[in-house]
Each structure stands twice: as C-alpha cells, then as structure tokens.
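Chains A and L with the ligands: place on chain B using the hints.
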Amino acid sequence: MYSADIIIEALLNGLLTGAIYALVALGLTLVYGVLHIINFAHGALLAAAMFAVLFVNQILGLDPYVQIPLLAVIFFGLGYGLQRLVIGPASHGRDENILLVTLGLSIIIENLLLAGFGSDTRSLNTDYSFAVFEVGPYLLGQARVFGAAGALATAALLWLFLSRSDTGKAIRAVAREKIGASLQGISVGHVYAVTFGLGCACLAVAACLLLPTFYVNPRIGSAYVLVAFTIVVLGGMGSIVGAMLGGLIIGVVESMSGLFLGESLGQIGIFLIFILALLFKPTGLFGAKA
Amino acid sequence: MLTVDNVTMRFGGLTAVNDASMQVKAGSITGLIGPNGAGKTTLFTIVSGFLKPTAGKVAFEGETITGVAAHRLAERGIGRTFQIVKPFAGLSVLENIVVGAFLRHPRRPDAERLAAAVAEKVGLGDRLDAPASSLTVAGRKRLELARALATEPRLLLLDEVLAGLNPSEVRDILPVIRSLRDDGITILMIEHVMQAVVSLCDEVFVLAQGAIIARGTPAEVVADQKVIEAYLGHGAAARLKGGEAADA
Amino acid sequence: MRTLRPYLPVLVLGVLLALAPLFVTSNVVLNFLVFTLTVALAAQGWNLLGGFGGQFSFGHAAFFGTGAYASAIWQMQLGFDAWTGFVAGTLAGALAGLVIGFLSFRAGLRGSYFALVTLAFAEVFRVLANSSEVTGGAAGLLLPLKIGAENLQFADRATFLGFVVALVIVVLLLVQWIRGSRFGAQLVALRENEEAARALGVDVLVVKLKAICLSGAITAAAGVLYLQYFLFIDSGIAYGTWISVEVLLAAIVGGLGTVLGPVVGALALHGVGELAKSLAGGLPGIDLAVYGAVLVVAVAFLPGGLVGIVRRRDRPRPVRDAAPVEGEA
Ligand SMILES: Nc1ncnc2c1ncn2[C@@H]1O[C@H](COP(=O)(O)OP(=O)(O)O)[C@@H](O)[C@H]1O
Ligand SMILES: [Mg+2]
Numbered sequence: 001m002y003s004a005d006i007i008i009e010a011l012l013n014g015l016l017t018g019a020i021y022a023l024v025a026l027g028l029t030l031v032y033g034v035l036h037i038i039n040f041a042h043g044a045l046l047a048a049a050m051f052a053v054l055f056v057n058q059i060l061g062l063d064p065y066v067q068i069p070l071l072a073v074i075f076f077g078l079g080y081g082l083q084r085l086v087i088g089p090a091s092h093g094r095d096e097n098i099l100l101v102t103l104g105l106s107i108i109i110e111n112l113l114l115a116g117f118g119s120d121t122r123s124l125n126t127d128y129s130f131a132v133f134e135v136g137p138y139l140l141g142q143a144r145v146f147g148a149a150g151a152l153a154t155a156a157l158l159w160l161f162l163s164r165s166d167t168g169k170a171i172r173a174v175a176r177e178k179i180g181a182s183l184q185g186i187s188v189g190h191v192y193a194v195t196f197g198l199g200c201a202c203l204a205v206a207a208c209l210l211l212p213t214f215y216v217n218p219r220i221g222s223a224y225v226l227v228a229f230t231i232v233v234l235g236g237m238g239s240i241v242g243a244m245l246g247g248l249i250i251g252v253v254e255s256m257s258g259l260f261l262g263e264s265l266g267q268i269g270i271f272l273i274f275i276l277a278l279l280f281k282p283t284g285l286f287g288a289k290a
Numbered sequence: 001m002l003t004v005d006n007v008t009m010r011f012g013g014l015t016a017v018n019d020a021s022m023q024v025k026a027g028s029i030t031g032l033i034g035p036n037g038a039g040k041t042t043l044f045t046i047v048s049g050f051l052k053p054t055a056g057k058v059a060f061e062g063e064t065i066t067g068v069a070a071h072r073l074a075e076r077g078i079g080r081t082f083q084i085v086k087p088f089a090g091l092s093v094l095e096n097i098v099v100g101a102f103l104r105h106p107r108r109p110d111a112e113r114l115a116a117a118v119a120e121k122v123g124l125g126d127r128l129d130a131p132a133s134s135l136t137v138a139g140r141k142r143l144e145l146a147r148a149l150a151t152e153p154r155l156l157l158l159d160e161v162l163a164g165l166n167p168s169e170v171r172d173i174l175p176v177i178r179s180l181r182d183d184g185i186t187i188l189m190i191e192h193v194m195q196a197v198v199s200l201c202d203e204v205f206v207l208a209q210g211a212i213i214a215r216g217t218p219a220e221v222v223a224d225q226k227v228i229e230a231y232l233g234h235g236a237a238a239r240l241k242g243g244e245a246a247d248a
Numbered sequence: 001m002r003t004l005r006p007y008l009p010v011l012v013l014g015v016l017l018a019l020a021p022l023f024v025t026s027n028v029v030l031n032f033l034v035f036t037l038t039v040a041l042a043a044q045g046w047n048l049l050g051g052f053g054g055q056f057s058f059g060h061a062a063f064f065g066t067g068a069y070a071s072a073i074w075q076m077q078l079g080f081d082a083w084t085g086f087v088a089g090t091l092a093g094a095l096a097g098l099v100i101g102f103l104s105f106r107a108g109l110r111g112s113y114f115a116l117v118t119l120a121f122a123e124v125f126r127v128l129a130n131s132s133e134v135t136g137g138a139a140g141l142l143l144p145l146k147i148g149a150e151n152l153q154f155a156d157r158a159t160f161l162g163f164v165v166a167l168v169i170v171v172l173l174l175v176q177w178i179r180g181s182r183f184g185a186q187l188v189a190l191r192e193n194e195e196a197a198r199a200l201g202v203d204v205l206v207v208k209l210k211a212i213c214l215s216g217a218i219t220a221a222a223g224v225l226y227l228q229y230f231l232f233i234d235s236g237i238a239y240g241t242w243i244s245v246e247v248l249l250a251a252i253v254g255g256l257g258t259v260l261g262p263v264v265g266a267l268a269l270h271g272v273g274e275l276a277k278s279l280a281g282g283l284p285g286i287d288l289a290v291y292g293a294v295l296v297v298a299v300a301f302l303p304g305g306l307v308g309i310v311r312r313r314d315r316p317r318p319v320r321d322a323a324p325v326e327g328e329a
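Chains as they are written, first to last, in the UniProt record's numbering: chain B, 1 to 290; chain A, 1 to 248; chain L, 1 to 329.
Worth flagging that the hints you see were computed from the coordinates, not collected in a lab. In this text, a Cβ means the ideal position worked out from N, Cα and C, and glycines have one as well. Only true hints are included.
Going by beta-carbon spacing under 10 Å, a handful of chain B positions derived as facing chain L:
| id | residue |
| --- | --- |
| 1 | V86 |
| 2 | H92 |
| 3 | R94 |
| 4 | G116 |
| 5 | G266 |
Chain L regions said to be covered by chain A (calculated; three or more residues, Cβ under 8 Å):
| id | segment |
| --- | --- |
| 6 | 177-183 |
| 7 | 193-199 |
The shape of chain B in the complex, shown without the other chains:
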C-alpha cells in the first residue's frame, strides 16, 4: 500500500517529533517523580510558553532558538511561584485536590490565552521552517532535526544537573524519602518548587523547539497534556529514561497512525495506548515503580 520509503520517512519523522514530545513529558515525569503529583496544567503551560515565544518574536524579533535561555528562566520562575504560592497551599496535600487545582489552573491559562490572543491558530515561520535535510532518499524537516537535537541536549543537561549538582542531589533525596531529606535540613517546600520550576523550564525549551514547525492555539494544551501523560505512563511514572523512550515510541505511533488511519482517526492510537497502559501496565513498559 505504502512504499517502504514512505514508511521509513514517517518513522524517522516520528522519532524526531517524539524526541520533542519526550522533553514535554520529561517535565511532567520529573514533577511526578519528586512531588508525586499529577500536574494537569502541564499542557496549558506549554501552550502559554508557545504563545510567549510568539510574543517575544513579534516584539523583539528574536529567533525561537535564541529565546531558549530567556524563556527557560522566565518559566522556571513562573513554575517556582505557582507551586510555592498556589498549588502547594491550595491543595492541602491531597492527591485529588492537586489534580483539581492544576485542572483549574489549566482552565484559567487556556482561557486567558484565548482572551488575550483570540482563538486563531498561529505558527511562526523562520527561514528553516520549511527547509529539509536530504538523508539518502529521505527528506527530514530541518526544524525537526534541530528540535530533536535540542530536546536530547536538554535532557542530557537535566540529567547532569540532577546527578551532579547539590540542588540535583537534594531533589533526588526528596524524591526518595521526603521525611528523611527534611531531617537532613533540606527544605522540602523549596525543593518542590524548584522541581516544578524545572518542569516548566523544560516546557519553555520544548516550546522554543516546537514553534518553528508546529502550530499553536489556546486549546492546544489539552492535546499535548494527553500525549505527555501517555508517554509518562508508558515510560513509568517518574522515570526520566522511561519518558525519553516513551516519547520516541509515541512520536512513532502518532506518525504511523496518522499515515495509516488519517488525520482525524489517527489520534486514537495514542489514547488507546494510554488506556491500555493504565489498565494493564500501570508501572510502565520498563518496569519502573508506579
């Protein structure tokens, strides 16, 4: 039906997209792994970051890739503040409450974006947006290649940060044993907020990497949040390596089901994987602890 070349090209493109998805999921799984909460506002925050990229581009004319450090810092601060001032205090430490508070936040963010930017779908065109690399017989979008490379580099940086820096060690200590860590003088509230900030910084980077090829509208967050959840559940809640592998798998699944099922029915592949993973393999494909 399809020639092998088309399928391989879809596969490659799926892997590239998957790497960026993995970065989105990385923020979610990091927050889950440390705070043990499910941040439902993750998708809406990504949408906000994407609009921020557009906005800065319009005002200052900065290329999305150049914006990475700026937006990462801003979103780190935003995430830190959200966790410290809103999510932590409002949810009284209860699991369902956190889900509800972050749901509330996602509704607020999504609709403020709608009020501020209107419901139009937008994209940001750079000179490399439509350029391709020719790899043998295959055409790979340049922006996707850059995006995947950036995502992998960010993940590697995060990994280094978590394993080498003092803050990273504190984060891992809190993830393992909250009470033990606080007895060692680590401020759990601060570590939580830093972790949430890091999760949001991942989103900001992902937004910068996404925009040259992906469009954005205020409602885009709800699509990404399900993709991110699927990846995280597939990879094992809280597992960074799992999120990376899960991202690649989901990128490929999306690209393949788009190819074989068409644009509209194609989304179903991801949801079905999500449901099946939750029902039958809640600890993730790679056996991490739920």
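Only chains A and L with the ligands this time, still in chain B's reference frame:
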C-alpha cells in the same frame, strides 16, 4: 472453628509467616502473641481474606476459605479490626457502625437500631453523632470494635485493640470483650498487654519470626523458655532463672 | 415522619425550581435555566460517583455524549420515537458506565489514575464520533424539528424547562433516597476507606460498578435533554472536555457528596459566568477563566462547597489520614 494449616507468606525475599499452624476452638478466646514483626498481623490479614498466602490452607467451620475475598468472609461471619485503626473519618460514629450493620440488615431503621445497640455495648452510646475524626485513640479503638461487631460475626479477629490505651481504659474494655464471648462470639486476639491475655484467653499461640513456637494456657506459655527467649533475646531465660535463684 | 424529613430540602428546592417555568417569560432567562439545570443534572450524575463514591472522573463527557448520540441515532437512524430514545440514551449511558467501570475498577485504578483513564475514554469516544458515519462525522447530527410533546420537543421554552425541572427533582429524590440506603452507606464507606469497607462486607467492585452505571445513566439523561433542546450535537459538544469539566466543577463548588450541591453549584457557577461575560464585554473565554479560578478557590477554601457553608454538618468530607495512632508493629 478456625484452622490454619502450614500457612506461609512471603513478601519478596522476606518470609513474614513461616509454616504456621493454629486452631481456634468455637466459643473460646484465643490469644496470638509474639514480638513485634513476628507476622501476627500478616496472619490476620490472610485469615480475613485480604491476602492470599504463598502456601498453606485456612479453614473456617470446616470449609476451606483460602483465597476467598474479604467481603465474602465478612458475610460468612469473620469480623476483624485493624491494628492501625481505619475509621471512616468523615462520617459520624453512628454512620460508621451502620455500614457494618447494613451487612445483615438491608433496611436502615434495623441497621441503625443494631448500630446504636452495639455502640452502647462498647461504650460509645453517648457519642453517636460525633464525627469519627473527633474521637480519641481509645474512642477509635472502640469504634473499630463496634463496626466489626455490627457485622454480627461468629469469629472476631482483634488486632491489638488494647494497644495505646491507658490502664484504666484497658480495665474498662476487658469486660466488654469477655461479654462478647458470653454472647457466643469466638475471639482470636493479637495482644501485647499480657495482663489482658492472662485474664481473657483460654489458649495462647506464640508466633516468633513467622513460626508458631509455643501453645498452651496463658500460664504455660508465659513460663515457656522458648517464649521468654523470643521476647527478650537468646539466653534470657537462663539469666532470669539465675536471677531468681540468687534472690531465693 | 422521621423517614420523610431528609427529603424536605429537596422538596423545597423543587418547589422553587418548579415556580420558574410559571413566572419566567424572558427567553434569555429560560435558556439560561434550561442549560444550567441540564448541566446540574449531569453534575448530579458525576456527584454520585465522585462526591459520594470518591471516584473522581475527568471524562463524564463519555456518558453525556453517549446519551445524546444514542438517542439521536435511535431516532434518526433507527426511526424510533423520542421518548423511547430518552430511555435508550439513558440506558446507553449506564452501559458505557459498566464498560468503563469494569475495565478501570477491576484494574484497580483509583485517584488520579482513574481520573485520567476516564478522560482518555471520553477522548476515544470523541475521535470515534468525529470520524464515523453513523454519528454524522465531523458535521454532527441535526435532529429534525418536529414540535410536539410526543417528540419531546416543545413549542415554548417554559414547557421544556418544566420537563427539565421535573427530571431534576426526580433525580434529587433518587439521590436522597440512595444516600440513606445500604448502597449509599457502602458507597460513602469505600470513599472513606476501601479496606475498612471490605472488612465490613462491602463488595467494593460491585458497589463501584453500581455507582458508575447510575452515574452514567443520569449524566446520559442530561445529554439527551441537551439534544432535545438544541436539536444538534457534534463530537465536540457531546464528548468535549467542556462538559466533563462543568459537571465536576458544579459538584465541587456546590458541595461534594451532598444532594443539593450540584444544582446549587451549577446555578452559582453559571450565574458568575454570565456576570463575568457581561462585565468583560464579550471577551472570549473570560467566563471559563473565572470557572477555573472558582475551582481553585473552592478546593483551597471551601472544602464543603456552597452547601457546606449553610449546613456544616451535612457534608461528610473525606478526610485521609486520621491522626496517626501508632506505627505498624
Ligand atoms: N505488605 C507487606 N509487604 C512487605 N512486607 C510486609 C508486608 N506486610 C508485612 N510485612 C512485613 O512482614 C513482617 C511481619 O509484619 P506483621 O505481620 O505486621 O508483624 P506483627 O503484627 O507481628 O508485628 C514485618 O517484617 C513486616 O515489615
Ligand atoms: Mg501487628
């Protein structure tokens, strides 16, 4: 009434219950004692259907019940309390007990009547409308007992219902437990308060490191060398003997 | 009379609601009431499972949409009438509840995981409805206009409102009855502590399944109402996240696990939403942004919801971790 045959329970590498066998006679109060971590609660969890043992068999009134679901066993007449109390914290005392009473009384007025009577019996009669979360430790223990009783069990498993109570609270609750036996309920109780074990139990089993190491009347068991060593460490019995000899 | 007293608040609210169709003439207000009470009905379905049973669904659109689509297909594709369509839609909601509940509860999903899986089910339904023939695909289904009580289409809005009010009252009475019944007590018990409930003979899986079937049926009935009133559905309306969010919002703001909460919550929420819209001068999304803020504030400051302010003792709020008593020995 209850027979535990060679039950073993492993959690990963840890053997919590190791080839334990015990019998509970109908109409008795039987004690299960042993040091912390001996596997007593785990054995209860198995008998009450919350865990399936790795090996072995449990029989209740002659029928095998290994692996039967907890709620079915409650229907068949096995009631239990939890060592770590689990009140329905958002509900009133009466409403907590009513949940148990509904098991055999589908209509609310009947269930409420039974629940109020049970509350009276365990000494919560004047706290019916209080939120369960407002109860003291002793109150919560009584509530555990009351809820289990409201299911009208024939065999009642009590997991350290006296732990955390002060001596006068213990004194108050002992007659309640004794009266349950007089009502025809067979009782198997895990207990650390030895005074209670001695005054209540007809027979006592001793569990140490997952295995039953002794059985007998409370007096026999308390004097048993293996039991003293299990509690106080190796050589303790000999040391105690030596001490007594020196005193004499 | 002891047994009738609990029904008094429901009856009072019922009388108040029943007065509305008699006195309200403004079409705007009638529209507002029909829509709000439809949401309230759906929210009462959510509340049965989420409020009383503690199983928070993020995907009640799955039931709302199933009710609406089932009834529409029943009428348009199969040629039956609207009243049996109402029954068919409601039953379809119960069936969807059974399927989703059986899969999720048997797999032991709770808390956030249950919330997420319901959301995914709703999305699967949405994608399927959006791309399949029988549901009219992306274009949706337009129910032919056939005014007449036998077609569940009324010439004037007030009559339709009367029908909605009657349905709301019936469901409120049903929920009040459930609240006092064995099933209700067991449902609340498993919300508070599943293990303790099992020890008391509660078959947790069966009780949860009953709850999700009833919940699905009630929310599906609201979906049918929506269809009969607006005579149009598409996948985004029927299975969209908006309704999943509205129902949980109304129940939480009104008072989780209370009988009147969802109605009070839906009225308050939509009232505030309309107010915000008129203040913001038609800025899109502002009412929804306010809903989001209300949700955060309600979770943070109003654990018993609006109803809980009035009647403190009515709301048995689930409290985890009662004060620690002693460590596991
Ligand atoms: N669900 C479980 N998973 C792993 N280990 C367990 C579990 N339940 C109990 N244990 C272990 O089994 C041993 C026996 O525990 P327990 O039955 O509670 O002892 P006791 O009630 O006699 O103090 C302990 O070492 C405990 O840590
Ligand atoms: Mg114990």
